[in-house]
Each structure stands twice: as structure tokens, then as C-alpha cells.
Amino acid sequence: MNPVGTNLEEIMDRYPGEPEYLIFLLQDIQSSYGYISPESMQRVCDRTGVPLTRAYSVATFYQSFRLDPKGEHEIKVCLGTACHLKGGQRLVDELERRLHVEAGGTTEDMRFTLNTVNCLGACAISPVMVVDDEYHPSMSVKKMDRELKRLRHEGEKEVGNV
Amino acid sequence: MSDSTAAKLQTPWRLTSPGDLETLRNDIIESQDPNRPTIVVCHGNGCLAGGGAKVAEAFRQGLSDAGINAKLMPGVKTTGCQGLCSRGPLVTIQPHGFCYQRVQPGDAAEIIEKSVMATEPVERLMHRDTKTGEVFHTEEEIPFYRLQERRVIQKIGKIDPTDITDAIATGAYSSLAKVLSTMTPQEVVLEMEKSGLRGRGGAGFPTGRKWRSALQAIEKKGRPVYVVVNGDEGDPGAFMDGAIMEGDPHAVLEGLIIGAYALGAEKGYLYVRAEYPMAIKHLEMAMAQARSYGLMGENILNSGFSFDARINRGAGAFVCGESTALFTSIEGKAGNPRPKYVRSVEEGLWGRPTVLNNVETWANIPLIMGMGGEEYAKIGVPHSTGTKVFCLVGKVENVGLVEVPMGTPMTRIVEDIGGGVGGGKPFKAVQTGGPSGGCIPYSLKDTPVDFDSLTKVGSMMGSGAMIVMDETDCVVDVGRYFLKFLEEESCGKCIPCRLGLSRMREILDNFSQGKGSAADIEDLTSLSNALKDGALCALGSSAPNPVLTTIRYFKDEYLAHVEDHKCPAGVCKSLITFAIDPEKCNGCMSCARNCPAECITGKKKEPHAIDASQCLRCGICLETCKFDAIFVS
Amino acid sequence: MEKITFQINDREVEARPGWTVLETAREYGIEIPTLCFHEAVLPSGACRLCMVEIKDGDWSKLVASCIYPAAKGINVYTETERVSNVRRWIFEMLLAQVPASPEIADLAARYGVTRTRFPVKDPEEMCMLCGLCQRVCEEVVGLSAISTVDRGVHKRVGAPFLRPSDVCVACGCCVNICPTGAMRALFDSIRGETKTTLTQLTA
Chain A
1 MNPVGTNLEE IMDRYPGEPE YLIFLLQDIQ SSYGYISPES MQRVCDRTGV
51 PLTRAYSVAT FYQSFRLDPK GEHEIKVCLG TACHLKGGQR LVDELERRLH
101 VEAGGTTEDM RFTLNTVNCL GACAISPVMV VDDEYHPSMS VKKMDRELKR
151 LRHEGEKEVG NV
Chain B
163 MSDSTAAKLQ TPWRLTSPGD LETLRNDIIE SQDPNRPTIV VCHGNGCLAG
213 GGAKVAEAFR QGLSDAGINA KLMPGVKTTG CQGLCSRGPL VTIQPHGFCY
263 QRVQPGDAAE IIEKSVMATE PVERLMHRDT KTGEVFHTEE EIPFYRLQER
313 RVIQKIGKID PTDITDAIAT GAYSSLAKVL STMTPQEVVL EMEKSGLRGR
363 GGAGFPTGRK WRSALQAIEK KGRPVYVVVN GDEGDPGAFM DGAIMEGDPH
413 AVLEGLIIGA YALGAEKGYL YVRAEYPMAI KHLEMAMAQA RSYGLMGENI
463 LNSGFSFDAR INRGAGAFVC GESTALFTSI EGKAGNPRPK YVRSVEEGLW
513 GRPTVLNNVE TWANIPLIMG MGGEEYAKIG VPHSTGTKVF CLVGKVENVG
563 LVEVPMGTPM TRIVEDIGGG VGGGKPFKAV QTGGPSGGCI PYSLKDTPVD
613 FDSLTKVGSM MGSGAMIVMD ETDCVVDVGR YFLKFLEEES CGKCIPCRLG
663 LSRMREILDN FSQGKGSAAD IEDLTSLSNA LKDGALCALG SSAPNPVLTT
713 IRYFKDEYLA HVEDHKCPAG VCKSLITFAI DPEKCNGCMS CARNCPAECI
763 TGKKKEPHAI DASQCLRCGI CLETCKFDAI FVS
Chain C
796 MEKITFQIND REVEARPGWT VLETAREYGI EIPTLCFHEA VLPSGACRLC
846 MVEIKDGDWS KLVASCIYPA AKGINVYTET ERVSNVRRWI FEMLLAQVPA
896 SPEIADLAAR YGVTRTRFPV KDPEEMCMLC GLCQRVCEEV VGLSAISTVD
946 RGVHKRVGAP FLRPSDVCVA CGCCVNICPT GAMRALFDSI RGETKTTLTQ
996 LTA
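Chains as they are written, first to last, in the working numbering: chain A, 1 to 162; chain B, 163 to 795; chain C, 796 to 998.
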């Protein structure tokens, strides 16, 4: 998850060491590493002068922060109103059953993280599923199955190549 | 950036007077050949998700295959949301205005050949009325667009939002130039008061009055004062603010700078929802370009007025749309609403006087300054002036971005512009105002859509989501949906909201399972009132609205759940059964193969049957059956 | 300093500048129930038990008296139908949420609420998230060893990463200020390596 060249100190230098930049720093760590480790959170506190309690409180308050590593693929299902009316919850139910994981969690093999999101503003193509930032419009359980199969197969191929 | 503009882009020059802006604008317009064909590809959220980027690429490739240098002529231009999202990806060919829908990369060559190199329409890709079969060639002809009054979103879908010259060519920043060179800050506030503009974020507080009280607060407390854009559009089903930020970021910036001038603010903040990365990107580009042209930053247009702003990305919390929670979030803290009876204009961000308006409100300001407050006030109805942008979504033919004058009857928006629910059936209800709003039944279809009329029928304007529901949507289920949404989004600080939302949802959970009684409906109403009166912020106090309005208008449906143990809409899982019509089933076995519970049995080419005791009611069989043989009862 | 004159339950009262409606009411012995209020820390308006109704002709609204500033000429009512409705539901919900707290049961009973229509989730639960522990630690002790974690229905009190915190000096202020006794049970999960024990503190 850690792209080459992005280290923690480089992120720290992007903003002044003021408490108001706490969320900025956590966001940048989240997007570079996929999650916020206790060590990186401590580093942010040292940099901004914010007590660890407050940083932890902030990191758990906002939905976009994760405190544990993400799976190889992130599947997000939109549960905006339009997606709900067109069966978004059913997609979540079926994904939970197929992946043996609850929404918000990551599979034991670290292959998939399943998340829900409240309205992506793409209501015209509801229900929407997003896999690793790629939008899948007008999803059905059948199409979801196909996508899941493709992702699993892809992984196996990669393993085979090693 | 449109390819042709990019090809001859001059280095930005720092504009030092309104005259400079006018000269630049004329230069840009002169450099453009009005007869030059341009392929305008929608890159709004919906169209991009449907493959809009691949379509644009196919056009570029197609032009190059046809031996035309795409960088020169004609150009491919990408824009924000063109509006009719349900028929995306959308492509318009200028100057003829041919409107193409559901365009796939494979269609590019034919469109180039017929509509770019010649002027022939490709009718198979044009808007066709689902009822009459009539084909419409241009936006001006399509009822969805023809019946709208696009002012705030007029440029969205027309201009390239990443290219400031495209915006300037259509008049961007001319209101700012006018304000800085001919108006005093007091006059700007007066113009705002005359316009009658009310905040587009939900509650509808008069913007001019807000600015006036900010001036009074500044008199008492002095400066600094801050101006803030609330771009934390969280209502599910609402994407108009996102579309404005993505499609015409300069309109928001121009409004913000004008507001800053009126209040004497030197610093502004744009708080944008994390789920809108493209809006953030376009705003950042717009700000950088505005700075390099001298339209933002030090000494704007040599007027002596300086202003700059920064973007704060949201981190995923609906409650941050609440003004005081938004301030605490900008300050780097958890977005808990402030427990204070002090107005933000007196004590807002960093404890200073602050004016916070939502995206659409800010985007209205250049219009008001351009035409004058009095002229603006003639649009719409007396106590709700101007237009409103809505997101028409749900069970409606034309899903998309709609702008109409305030006071337009609901039915005109849903039926005439939106094309109704399809199949000629009436809609069941329209939900406005998101989780804080209510469900308006078909019987009130002529309700004028303005702040006061919507409040009168128990709903509210909210930010502008309009969710159309049909007979297959259950009001108990919709109530549960919104409560569950708010349970997750509540900050959890006050007891009525943190505990009350869950308890209300549990009562509805029971209803959805056929449990409960009419007395529970009474309790639900009473508990709802306790939340309305007791919650700390608007998230909690408005949360009961969806439930209260559905009890008011659809009480029979509630009673059907608790007394007859039936879900008339066929949604609540515990109250429905799936069955197969043996007359229609031809034994294709598709449902049996896909059933996760493996409870569908039958031989090939013979009617199948569902074992109701094992059935999960997931509905996959219904989705897979091509013969309409599965029914819900 | 000029006093602020207004009415509570049709009785004229005087407040000093800066006082809240709750402070004024208490000065006059007018009873308003509270849970998240404590003189030692800033009011937070979280429990909403102190709601009162302000009336002006036909217009009226409910406000939290612990944070509503006393203002000249306002008419405050502490026992209206709307006020009782809010209180009743808060008590009913608390009885189901924190059934293990006798303090809550006593207070509810004083306002006539002895049963709840809601099922009990956790019979051991005592914390109702008034936030006093966090505020006393931050504002009085000056340490911020505890905070609220997560949000909405998942909100709870804890130390970072829900591990014992070395920042905590086991002063016990949070245990003392806790109105329900919940902190007693939570204390060990918050303090890290310390020299004092809870028995020493509360003895």
C-alpha cells in the first residue's frame, strides 16, 4: 500500500505543525498507507501538538479513517437513497455472505475489504458498486458475482505467476 | 481543457482592472471560431461511471483515425454534468447542438463521420420519448431541458471546468469586476437583501439578513471575519452541490470572493465532502488559475482588496454539514455540534464572526450581482425567490439535474420534466429534504415547491434531493432506511439522538416484521416529538420528519404491517413470500442455479417451486428470471 | 453589575450576568434534573434532561437550561407538557440503556418514570456517555487521558486504541465525578502503569 517514495516524514512536511492540520495529516497517511497505524498517529501528534486521545477520537469519529490495514481490493457499495430503493442493501447482504465478512471488515486472507458508503452522487446508475475506485453501474447480484469471480481469479493467476 | 484551447493557450496574465478582464474575454471569444465543430463529452459523475472517459478517448482516437488533428480542429471538450444522467454517457456536438445519449466508444466513428464531418444526425442515439417514440435532436427540443429554467447550472455541461478561459468567455468573474469597481460593501449587502435569496442548504435562512447581522457582529467584535463554503453535501440522493463544484467551480469562487468583499474577509474556507474527489480537484485547479489571473489573492484586479481561501476535505461525517460541526471539523477536531446558543455570524470559526453558506447559495451570488437584487427577486415566488437546483432520482424516467423557478408545482418537476415513474403509473410519493425531510404523497402533487409550501405539508426543501417512489417502495422501509442512516451518522453526543434514533428504528424493525400495534404508532409519534424538542442539533431534531410524514400520509400502510401483517409494497422481507407461477415457468433452471439457499427445485423444462421455509427472500431468483414467472406476495 | 430579571414558572428571578437559566433556577431552589452538568467543568448540553420551555405569546421553544444564557424578560417554564415528554422518553431510554445504575433509576423514579417500553441491551451497562469523565480529565486535571471514541450508537469512553494509557496518573477524578458509577468499572482499562490503586483512591 505504501507507494515508493512516500514516507511519513515527507507527509509531515506538507503542513505546518499546528493542531488544525491534524485531519489533513491523517488523510494523507490514510491515502498513502491505506490505514493509520498507532505509530503514525503518534508521529502526527508529535508534529501537531495534539494529545493522542484527541487524535484517536478524531480518527474514530470520521468514517474515512481506518485503523487497520485494508485488503488487497476494496469493495464499496453505495447505500444512498436511490441505491437503497434499487437494492443496494441486497448487494451488501450477499457480499457479506460470500466474503464471510461484515461491512467495514476485511477478509481473513486480506484479499477483500467490504465497505458501504452514503451516496456517491451517481444516483442515475444505481445501485452502484465501486471496486478499487472503479465504478460499476446498475449492479445486480449476478453482475456482482461475476466481478467477484474475476477478482478472485486474477489473484490466483498472480499467485501462479510467482 | 478543450484540446483546441490547450493548443494555443497563452500564459496567464495578471489582470489589473475590470477592463483587462473584458479585453481577455473578448480575446478568447475572438480566438474561437463559432462554426468549429466541438465534441462535448459529459464527465459528470454519472456519465464517468458509465464509461464517459472511454467515450472521450474513442472520439480522440476516431478523429486521429479520420486524419484530423484532435488538438486543432475539431476539438474534444469534457464538461461537468450535462443533466440527464439516466441516459449517459452524454455527448453533444456543437455548433448544431446534436444531443447523443448512451454513447459507447464504438459509436464515435459514426458520429464523427455524420455529425462532425457533415451535419447529419445519428437518430438511433438521440433522445426518444418512451411513450410517443418522438425523436429530439437538440437540448432545446427535449422536454427535460426545455421545461427547465437553468440559471445557476447554465454553464455546467457547457464549459470545461478545468479551463478558466472557457469560464471567462461565458462571463465568469464579470460580476466580481462590477462589484469591485462600482459597489461599496454596504451596497453589496443591500443588493443581497433586495434579492430575497434564502440559503439553499436546507433551512432557507435569508442570506442578506445573515450578511447584515455579520456586519453588525463585526462592528461589535472587529475583524477577522471568515467566509465559508459548505460543500459537505451529505443528503443521500443529492448531488447538485457536487455537480456545481465539479462543473462550474468558478461560480462558487466568484460568489465567495464577492461575499468576502462585502464582509471584509481576507480568508475563506471551502469544506468539501471526501466522497467528491473530482470537486476538490476542480476547485483546486480553479483557485490556482484564478490566482494566476489576479482574480484571487493579493490586490484583486488592483482594487486594493485581497482575499484567499483554502479547501478542507471532509473525512466522512454527515453531521459536519451542520454549521457548528463543520467549524469544529475545520479546526481539526471531531465534528461534534457546539452546545451553544450563539449565532455563527457572531461566534463561528475560531470563535470569530463567520458567514457560512452552501455551495448553491454562493453560486447564486454572481447572478444576483449581475442582474441586480430587484430583478432577481422577480424570479420564483415572493417568499422564495430565484431558482432551485434539484436532483431528481429514484423511480423516475429522467434521473438527473433539474433547475426550476421556486414555486414550480411538484408534478411539473416529476411528471413533465422527469417523465414520471414510467408505465404511465402515478408516483406514490416524493421524498424531499433527505433524512430531515418528508414524503409528499401523490394527492399533494400540485404542491408548489418552495420553502414555505414544503414546510406546510410537513416536509422541507432541504438541499434539493427529490426521491421519487412508486408502489413497490414501502414507507416503513424508507423510514427505517433514513433512521439507520442517521444512527450511523449521529455524532452520539446527546441522548435523544444517540439513543432515540435506534429506539425509533427498532420500533420500525418490529413493524417490518409484522409485530407491534397501533399503540406503538402512537409511541413512535410521541418519541419523535421528544427528539424534535430535545435533540442538540438539527440532525437529531429533524430526524423524525420522514417517519412523521409517512405516518401522516400513509397510516394505512403502517396499520397493514402491524394489524394485517402485510407489506403492501412487497418490500419487508419477513412479510413476503416468493413463489413461481407454474404457467409462466418453463424450467430453464436459471433461478435454481443462482439461489444461494438452494431452495428452488424442479426438473429441466418443468415448472419449478420455491421452498418458502428455506427461502432467504434475497430476490436473486426474481432478478434472474427472464420469463417473469416469479412473483412476490 | 446589573442583574438580569426574567421569569421562571411565572415567578420573577434575578440572575447575575453570565449565568445560565439552570444556575438561576438552582439559586432559587427550582428543581431541574441534570446528568451531564457539574460545576467543576464547562456545561456540554449532552444529556438534554435540563430542557425547559421558553414562551413568548404563541411562540415557544425548548432549550437546554445548562447552556442557555439568562436573558432579560424571558419566560421560562420547567414543567410543561413538552418538557415532560422529552424527560419521560430520556428516562425510559436510560432505564433500558444503563439498567445497572441505581442512580439513574432513582432519578427517573423521582420524575415518575419507573418502567420502560424498551428491551434492555446489556444488563451490566452503567455508562450513559455524559462525558463528565473526559471533561474533568481535560479541563480540571489537564491531562486528556480519556476521550470519547467512535461516534453515534458506537460511541464509548476510552483511552487511545482502547489500551491502558500512560498519560493517566490514576488521580481518580473521573471516578469521583461519574454520576452513575460506570467509571469505577472502566478505570482499570484506562490507567497504565501506576502506583496507586483504586481502593486507595476511593477509600
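Everything labelled a hint here was simulated from the structure, so no lab data went into it. All figures in this text were calculated on a predicted structure; none of them were measured in a lab. We put the CB at the ideal spot given by N, CA and C, even for glycine. Among the hints, erroneous ones may be present.
[Said to hold, decoys possible] When the alpha-carbon atoms are kept at most 30 Å apart in a straight line, the in silico DSBU-like pairs for lysine-lysine are as follows:
1) B:Lys382 to C:Lys856
2) B:Lys646 to C:Lys856
3) B:Lys717 to C:Lys856
4) C:Lys867 to B:Lys443
5) A:Lys70 to A:Lys143
6) C:Lys867 to B:Lys502
7) A:Lys70 to B:Lys216
8) B:Lys429 to B:Lys607
9) B:Lys443 to B:Lys429
10) A:Lys76 to A:Lys149
11) C:Lys867 to B:Lys677
12) B:Lys382 to C:Lys798
13) B:Lys356 to B:Lys383
14) C:Lys867 to C:Lys850
15) B:Lys728 to B:Lys767
16) B:Lys618 to C:Lys856
17) B:Lys694 to C:Lys867
18) B:Lys746 to B:Lys717
[Said to hold, decoys possible] Just a few of them, taken from the derived set where beta-carbon distance is under 10 Å, the chain C residues facing chain B:
19) Pro838
20) Ser839
21) Trp854
22) Pro894
23) Val915
24) Met923
25) Asp945
[Unchecked claim] Derived coverage of chain B by chain A (criterion: at least 3 residues anywhere in the stretch with Cβ under 8 Å from a Cβ of chain A; other residues may be distant):
26) 389-401
27) 544-556
28) 625-631
Original post:
Honestly, which of those hints from before does the structure not fit?
Top reply: Of the numbered hints, 4, 8, 11, 15, 18, 21, 22, 23 do not hold.
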